[in-house]
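Start from chain A and add chains B and C according to the hints.
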Amino acid sequence: MKRISIDPITRLEGHGKIEIFLDEDGEVANVYFQIPELRGFEQFCVGRPAEEMPRITNRICGVCPEAHHLASTKALDALFHIEPAPVVKKLREMFYSAFFVTDHTTHFYALGGPDFVMGPDAPAADRNILGVVHKVGLEIGKQVIDCRQRNHHVIQLLGGRGVHPVAGLPGGWSRSISEDERAEIEGIARQNVSFAQFSLKLFEDIVLGNPGYVELIVSDTFTHRTYSMGTVDKQNHVNFYDGMIRVVDPDGTEFVKYEPRQYSHHIAEHVEPWTYLKFPYLKQVGWKGFIDGSDSGVYCATPLSRLNTADGMATPGAQEFYEKMFTTLGSRKINGRYQPIHYRLATHWARLIELLYAAERMLELATDTEITDPNVRPVVTEVPIEGVGSVEAPRGTLTHHYWTDENGILTKVNMIVGTTNNYAPIAMSIKKAAQTLIKKGTVITNGLLNRVEMAFRSYDPCFGCATHSLPGQMPLEIKIRDVHGELVEVLQQFYG
Amino acid sequence: MSESYEPIIIGFLCNWCSYRAADLAGTARLRYAPNMRPIRVMCSGRVEPEMVVNALAQGADGVIIAGCHPGECHYIEGNLKTYRRYAMLQQLLQQFGIEPERVQILWASASEGPLLAEAVDRMTATLRELGPLQWHKVVVGGYNHHEAHETSAVAEVTSVKEVR
Amino acid sequence: MPENGKPKFAMYWAASCGGCEIAVINIGAHILDVDAVFDIAFWPVAADFKYDDVRGYSDGYIDLCLFNGAIRNSENEEIALLLRKKSKILVAFGSCSATGGIPALANLTSNDRILHTVFLSNPSLDNPEQILPQPSFHVEEGDLHLPTLYPSVRSLSDIVDVDYTIPGCPPESHQIWAVLEAIVSALQSGSPLPPKGAVIGAGQVAVCDECTLEKNEKKIRKFYRPYEIKPQPGLCLLEQGLVCMGPATRSGCGALCPKVEMGCRGCYGPLEGVEDQGLRMLSAISSVIAMGKPGEPESQIHREVSEAVKTLADPAGTFYRFGMAKSTLKRSRGAGNSRPPKGEA
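Chains as they are written, first to last, in the working numbering: chain A, 13 to 508; chain B, 66 to 229; chain C, 4 to 348.
If we strip away everything but chain A, and leave its shape as in the complex, we get (with noise of 0.2 Å):
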């Protein structure tokens, strides 16, 4: 049978490889989407002192490291039984939506973006955020590298560092701002809301406008029904810092909606032999294989299903450009929500969305009247056992799971990381893309490759966090041979 490898694939963070099999008359067989990475964090975490995790923890993946810095905190809220007080949350809040604003621009201008603003079939050497400003003009390229900056420059000054932030402590954070501080954030916050309303002209301008590129937004070949997981506040509107978890299926009702320190009674994680990542499904639903549908526990967990699980935006613009995409997009109005969206190509839009309302939600934070409060730093006396916390990833729902022995030290620990929750979607993406645009005579380009890899783009994926976990590689015994056959060593694992 022939075979077409991806390998590996580009734009997104982590690794993975696409294997196309085609059978006697040039038709997809079958696609697997293969994630060779794993590293070990559930296990090499054992045996460290809790308060450390959200410092090891950020390096599961270093464009989101402030999501796992911040569901690692608040595992230790949760751990140490402590209550942060207001001014605690609001700084994290306020850190975290600089993130999202920096996070987002970077995936829609350098990952996923390119592949509208210079087309699919872009030369690959052009098909990157330089492509992106030699097109675009530098004019806009300077404000995308601009919003980055001042964004990092937050994450910065609220975190300790730009990548890899420090501050976050059980009950608290390591530093508090001053005014000067806040005004500084408040600024940027402001520059942020107008460069969010920029963006989300420009994708009217460059992908809406273009008739080619909303036809392979609304076309079957991108298309998945499925149900789609959020956190939400109280008033059922999109939270990124906290919330309950929300499950909507594929018509849009609400499935079940939990604490995030029941997500084991909700979700379990299924296994195959040619991947080292699992595939979450819904526990209640129950694993189908990977197909679409209100009978199959596949689940999607992206800045689509956010909007998709929620009954609106929190902030005013976003809730604007919200009603504008639903509507748009064909969804109609039931029981007073929206009907989901399911076009995966659509996630590109929502995810501006987000970037409006991490942005007018940063502008909220930064002008209100507790930030400057001190006192963020407190004592912690409870003994510890066990704590849960979460928080949206900008790639999907983020838990950490934390127990410890009554010193604080981890005994075990259970992460279900953003990206790991579309792995089931993203596979089955990525098939239906490569079944659809390859058929029989099909010449295979270097674009048509390309339209395969755009399947998986939109989920934003960060493969990096998704296999923070180590399969190991069993209790082996590795004998290592040369051309000739002969043995040239042994390795093998140490029993403990």
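Hint data in this document are derived by calculation from the structure and do not stem from the laboratory.
Warning: the hint list may mix true and false statements.
[Said to hold, decoys possible] Some chain C residues close to chain A (C-beta under 10 Å, calculated; not the full set):
#	residue
1	N79
2	S113
3	I232
Every value quoted in this text rests on a predicted model; they were computed, and no experiment measured them.
By construction, the Cβ of each residue, glycine as well, lies at the ideal position given by its N, Cα and C atoms.
Okay, now just chains B and C, sitting in the frame of chain A:
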């Protein structure tokens, strides 16, 4: 755990007390296990963790650090610094899976030849029971197969043991 | 690839997190300067070149390759060897490739334990058939392959000759730009490059030198966990009993963590001339424990020092947080410090 293996003990002995104790054991013709290779340092405080760990990583089965009794150090507090480093090193070595009996600290004044001799005997017996460490072969040796690319090696999985 | 005489740039991630890539992108507008000078030849996060493209390049085609991430599996090793061949200058970029980084903490546990945790006992698992990922698996359509995991995590220099090392987790963006600027200058006007093997983009002294906190004589009675006390602002953290790796860590970051009252954890690696950062820190920090005084009975000294030492949680994981691959002992034997699953001895 075979009886035939001879433990290798590296001994860091301070010039003013414990080395003289070893000398005394020698001149007194005390019979004791010949397994310790003595290294004279001016003070037990000279002993850095690297010296102990290098010894273990390069084939020693155990290490003794011997100094003057607290309060009798020729340099006043050198031996106390050693003790603090030793205590911390023990905590670290346990995390590496190295038994605490493999690194020992001993206070022996210049006249305490028999004390030193007995300590070496005891440690040798303990190490015989624990078995050889062989860190350089078992751990470091398997760690870096740098040669792999030079022989164009292919890793082949030959067996999967089930974990119960 | 267009043959336009422009120097070629590559950046690759082995067992890594992507933070190094973000740190490079965080050089801000300077990325346009890099673009003006270089053509990208391979950079999976940002550009669409594949492994086969790299295999097709001639040896030495890539002028500068920044390699981040630790060597965890056979694919990491294969690409490290490939990029060494295809690159003129190969840089170990970031803590993982330099000294093992966070992934190398796996060297303190055993693969048996890891397997048990992730595939057999993890609470969210649905794996009644006890399926494990296989390096080679036959499906109806053909064979699927996964990289083999090695028993230990290694640094880049354990595998190939490294021209330079830029430390940090990640290296700070201003340092990255300083290095790129120097390399661009060397390529364009022939200014000399640092001597081969040098650690660049970092300082020559300890983090303490960059740290603005007030430092006095250290006499530690016990160690505190970061949440146990509220540190006095402006005062050295280590003096207050909060563990800080500053004394044993190379400068260059600007002492960012102590600036927000969190102790350094050593990501900029060991000081010049030191390979085993953990033991240096162990020695430095232990020497200033103030418990046990001359004149006290021996048993009291032993007890006081032991108690003080035990207040420092997880010495191996703290002193070797980023440097396990360069530790003298390399890895733990057996289960090391990880606990056996419940029910097992």
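*Hint by hint, which ones does this structure get wrong, listed from lowest number up?*
none
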